[in-house]
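Number of protein chains: 2
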Amino acid sequence: MKTPEIITKAELLKHWQGHRSLTRRVIEAFPEQDLFEFSIGGMRSFAHLAQELISIAGPGLQGIVNRVEEPYEEKIDLRTKKEILEQWDKTTDAVDVYFNKIKEEDFHDSFNLFGQYNSPVYDNILYFIDNEIHHRGQGYVYLRALNIEPPYFWER
Amino acid sequence: MKTPEIITKAELLKHWQGHRSLTRRVIEAFPEQDLFEFSIGGMRSFAHLAQELISIAGPGLQGIVNRVEEPYEEKIDLRTKKEILEQWDKTTDAVDVYFNKIKEEDFHDSFNLFGQYNSPVYDNILYFIDNEIHHRGQGYVYLRALNIEPPYFWER
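Which chain is which? The protein sequence lines are A and G, in order. Following our numbering from start to finish, the first sequence increments by one per residue and tops out at 156. Following our numbering from start to finish, the second sequence increments by one per residue and tops out at 1156.
Looking at chain A on its own, in the form it has when it is part of the complex (with noise of 0.2 Å):
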């Protein structure tokens, strides 16, 4: 018999798109003017944040699904939330499309994302909702400095 699968592939692709709804919200979230400008520490603004999960989560998942190992290339050139927010949606409705298109027995094949990350795709995957994570923790820090009730963490 074969083993059970603890989480599948419609499973994760739900949880993906449940933490990309609330990284939308989160965006929604800053003030025009301090999503581009707002930072701590020498960090990165929240808009240039957001265009990097935007850069990775469509371009790495089409590499996956191309086999294509291009590099990393970030597009930061958004200059509203409309923008970011219309950029985001479109790359949500590209999750959906490329995710799709893995087929669970390629989730074990090694892929070097970006020709730089050499590693199975489900790790890759994983990788995208980690970092989009990380950065939203780290824009959780910067509406509290800003004196804004993030959204729920639990809600997506």
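Derived by calculation from the structure, the hints in this document are not laboratory data. Keep in mind that this is a model prediction, so the values were computed, not measured. Note that CB positions come from ideal geometry on N, CA and C, so glycine has one too. Incorrect hints may appear among the rest.
[Claimed, not checked] Partner residues aside, some chain A positions facing chain G, computed with beta carbon under 7 Å: (1) 9; (2) 13; (3) 41; (4) 107; (5) 110; (6) 130; (7) 138; (8) 153.
[To be verified] Distance condition first, Cα-Cα at most 20 Å in a straight line; then the derived SDA-like pairs of lysine to any residue: (9) G:1014 / A:134; (10) A:14 / G:1004; (11) A:14 / G:1118; (12) G:1014 / A:52; (13) G:1101 / A:123; (14) G:1014 / A:145; (15) A:14 / G:1003; (16) A:103 / G:1004.
For this one, chain A is given, so just place chain G on it according to the hints.
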């Protein structure tokens, strides 16, 4: 033919323990006094956050294994970095022991974590990991604000 697993139980444990190793290094990176006293925007100190993580991981997993839905009880009685690191390491051992007691076929059972959060076991465990990444990301901002270089996020 059964669908191949996208991530195995052993891989998820290794992934979590990699995160725990990084969080340990973040605790270590704080100067003793700042660990307990520094905060931004009225948030909790990193010592407090670390003790939240300790109060969740070990007891949460034990609850899942023993099917005991006891209320969450936060213990924040540790007073030195050394004590926190010792308790962290004990919890790391406990995570190995209890995680391995959960059978693959039980990851989709519903469990009412701390008598309060009813979801599948796999989802409870992802929550433990995500919550750790979230708070650790906040610790990174504290360290940056203290002009201390945090460990690399991708080193586990």
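Comparing the hints with the structure gives:
1. For residue 9 of chain A, the interface hint holds, the least distance from its beta-carbon to any beta-carbon of chain G being 5 Å, beneath 7 Å.
2. Hint status for residue 13 of chain A: violated, given a least beta-carbon distance of 10 Å to chain G, over 7 Å.
3. Interface hint at residue 41 of chain A: satisfied, since its Cβ lies 3 Å from the closest Cβ of chain G, which is below the 7 Å cut-off.
4. The restraint placing residue 107 of chain A at the interface with chain G holds, with a minimum CB-CB distance near 4 Å, inside the 7 Å limit.
5. Hint status for residue 110 of chain A relative to chain G: violated, with the closest Cβ pair at about 14 Å, above 7 Å.
6. A cut of 7 Å between beta carbons decides the hint on residue 130 of chain A: the least distance to chain G is about 5 Å, and the hint holds.
7. For residue 138 of chain A, the suggested interface contact is upheld, since its CB lies about 5 Å from the closest CB of chain G, less than 7 Å.
8. Evaluation of the residue 153 of chain A hint against chain G yields a held restraint, the C-beta minimum of about 6 Å falling below 7 Å.
9. Taking the CA atoms of residue 1014 of chain G and residue 134 of chain A, the gap is near 18 Å; set against the 20 Å cutoff, the hint holds.
10. Restraint check: the Cα-Cα separation between residue 14 of chain A and residue 1004 of chain G comes to about 18 Å, which is no more than 20 Å; the hinted pair holds.
11. Proposed proximity of residue 14 of chain A and residue 1118 of chain G is supported: the alpha carbons are some 17 Å apart, at most 20 Å.
12. As the CA atoms of residue 1014 of chain G and residue 52 of chain A are separated by approximately 26 Å, the hinted pair breaks the 20 Å bound.
13. Only pairs whose Cα atoms come within 20 Å are accepted, and residue 1101 of chain G paired with residue 123 of chain A is rejected, the gap being roughly 23 Å.
14. A hinted pair counts as satisfied when its Cα atoms are at most 20 Å apart, and residue 1014 of chain G with residue 145 of chain A does not qualify at roughly 34 Å.
15. Of the supplied pair hints, the one linking residue 14 of chain A and residue 1003 of chain G holds, its CA atoms being roughly 18 Å apart against a limit of 20 Å.
16. Using a Cα cut-off of 20 Å, the hinted pair residue 103 of chain A and residue 1004 of chain G holds, with the two alpha carbons roughly 9 Å apart.
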